[in-house]
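Let the sequences and hints guide you as you build the complete structure.
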Amino acid sequence: MTQSADAAPETGSPLPQFPMRRTCPFSEPGEYAGMRADNPVSRAALKVNGKPTWLVTRHEHVRQVLGDGRVSSNLKMPGYPHQFHIPEEMLAQVRLMMLNMDPPEHSAQRRMLIPEFTARRVKEMRPRIQEIVDERIDAMLAAGGPVDLVTALALPVPSLVICELLGVPYEDHPQFEEWSAAMMNHDLSPAEYGAAVQALDMYLDKLVTLKETEPGDDLISRFLEKNRTEQVADHVDVVTMARLMLVGGHETTANMIALGVLALLRHPEQMAELQADPALLPNAIEELLRVFSISDSGTARVAAEDIEVGDVTIRAGEGILALNNAANHDESVFPDAGTLDIHRKEARSHLAFGYGIHQCIGANLARVELEAVYGTLLRRVPGLRLAAEPDELRFKDDAMVYGVYELPVTW
Amino acid sequence: MTADPIGVPLMRVTTERDRCVGSGQCAMLSPEVFDQDDEGLVTVLQEEPADELREGVLQAADLCPSRSIRVHG
Ligand code: HEM
Ligand code: SF4
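Protein chains in written order, with this note's numbering: chain A, 1 to 411; chain B, 1001 to 1073.
It should be emphasised that the hints constitute simulated quantities derived from the structure, not laboratory data.
Check before you lean on any hint, since a few could be wrong.
[What the hints assert, rightly or not] Pairs of lysine to aspartate or glutamate, DMTMM-like flavour, derived with a Cα cap of 25 angstroms: (1) Lys226/A to Asp1038/B; (2) Lys345/A to Glu273/A; (3) Lys51/A to Asp306/A; (4) Lys345/A to Asp1051/B; (5) Lys123/A to Glu135/A; (6) Lys76/A to Asp306/A; (7) Lys345/A to Asp1062/B; (8) Lys345/A to Asp1035/B; (9) Lys123/A to Asp1037/B; (10) Lys123/A to Asp1038/B; (11) Lys226/A to Asp1035/B; (12) Lys123/A to Asp217/A; (13) Lys47/A to Asp398/A; (14) Lys345/A to Glu1032/B; (15) Lys123/A to Glu1055/B; (16) Lys123/A to Glu1039/B; (17) Lys226/A to Glu1016/B; (18) Lys226/A to Asp1018/B; (19) Lys206/A to Asp1018/B.
[Stated by the list, open to error] Coverage of chain B stretches by chain A, computed from C-beta distances (three or more under 8 angstroms per stretch; other residues unrestricted): (20) 1022-1036; (21) 1045-1058.
[As the list claims (entries may be wrong)] Some but not every residue of chain A turned toward chain B, in silico, with C-beta under 8 angstroms: (22) Phe117; (23) Arg120; (24) Arg348; (25) Ile357; (26) Ala363.
What you are looking at is a predicted structure, and each value in this text was computed from that prediction instead of being measured.
All C-beta atoms, glycine included, are put in the ideal place defined by N, C-alpha and C.
Now the structure itself:
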């Protein structure tokens, strides 16, 4: 049987709405299991604008779609499944980030950036990352509990790591941190939020201009240097690339830090095992990435040609959400997928960093950050505990990247 | 096909650099066999890795997001 998004639905019932809510922070939305079993490639309506999209839920199919050269990441293509409102005029103006480019533009920019994120380069960043983590934990311990782990640790660590990466001068770090935290603060008024976004954009613009005349030992300077011969980007593209590092690497890592700590606090036996044997940490991190799959619908595409996925033909121009949280709970790959198990053998097969040509370029960096944070907390703050009732915690149910707003802890 | 001294056929690893997207999954998972060069693209350190490295190599091949790694034998 084949069907397409504009064919009449068999039952005439209205389409399910997307996004769907997670029933509990440690599980996928309740609808996913049924979809994976009965209707693995199915249609839904986007809450933000009522437009139809395909939802892909099986591990095998998510890999297939994200590995298919006939799908596009270009958010300007009609049919792209937008998850927040962007006015048409604004969309036309948007400068595409690498995340939303297709080959050959995507490949050209990605090739300029991958040397910055190799396994070796990331290993070299480890000591500095450890220092950042230790400084933050020193400050936390000096202040005394209870503290909000999100503001004390989860937000500053990845923000400072991106400062290092981009070569933000040391004296600007506090300001940079304040703006990038403001961009993630959902309690700000639209005006305050807008002001932070603008201030940060202006700052990045200034930073790129500075690097054009006074290059340093950093990603932006090396990008500019290579660009002199490769000529793939203009000034605005470089500013946009710098912003992508922040968009891609800040809130994601921050949310994983806080959720991961929460998960360990809620699974004390597994936390004790990690305390006793830190060598278990790398696999535990893969399992936490799998269980939370915080960027579930970040892997959005639009078909550039007709493609077959399972029994379904997705027509050119139709939107696709290749749901990595659904894939990461596929029982055919992850038996007992709803259970957190730091020893899970197949944990690394998760798709929380995506798959295919856009697979997270910062994945190995994120792994090192998570290992430094979790490892240091387990070692230096062994008495860490929640300072709130679990049911008082507020989760980012409607956000593009899943997380927890505050995580009060003490020790 | 090459064989080790007792005649067990070795596996052979090849990569397609043109496809590689430099995610470094392979170099992280199986650093004895895979590395990334100055451009961040995959290079093979041992084309015929010993059998005890098989599991890591097969996993790297499976997890490579651009299917750039082939294992023969
Ligand atoms: C736990 C933390 C992280 C998660 C869960 C995550 C998740 C993802 C996902 C799912 C994608 C693929 C999007 C797609 O296929 O369309 C992606 C791409 C990307 N991520 Fe991450 N990410 C994380 C950390 C980071 C860090 C630390 C950085 C950099 C400092 C980063 C930078 C990027 C960039 C630049 C892309 C675009 C790659 C491309 O288009 O080729 N991410 N990320
Ligand atoms: S895992 Fe694949 S894409 Fe990533 S560096 Fe290795 S060969 Fe390249």
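Any hints from earlier that this structure breaks? Give me their numbers in increasing order, please.
19, 21
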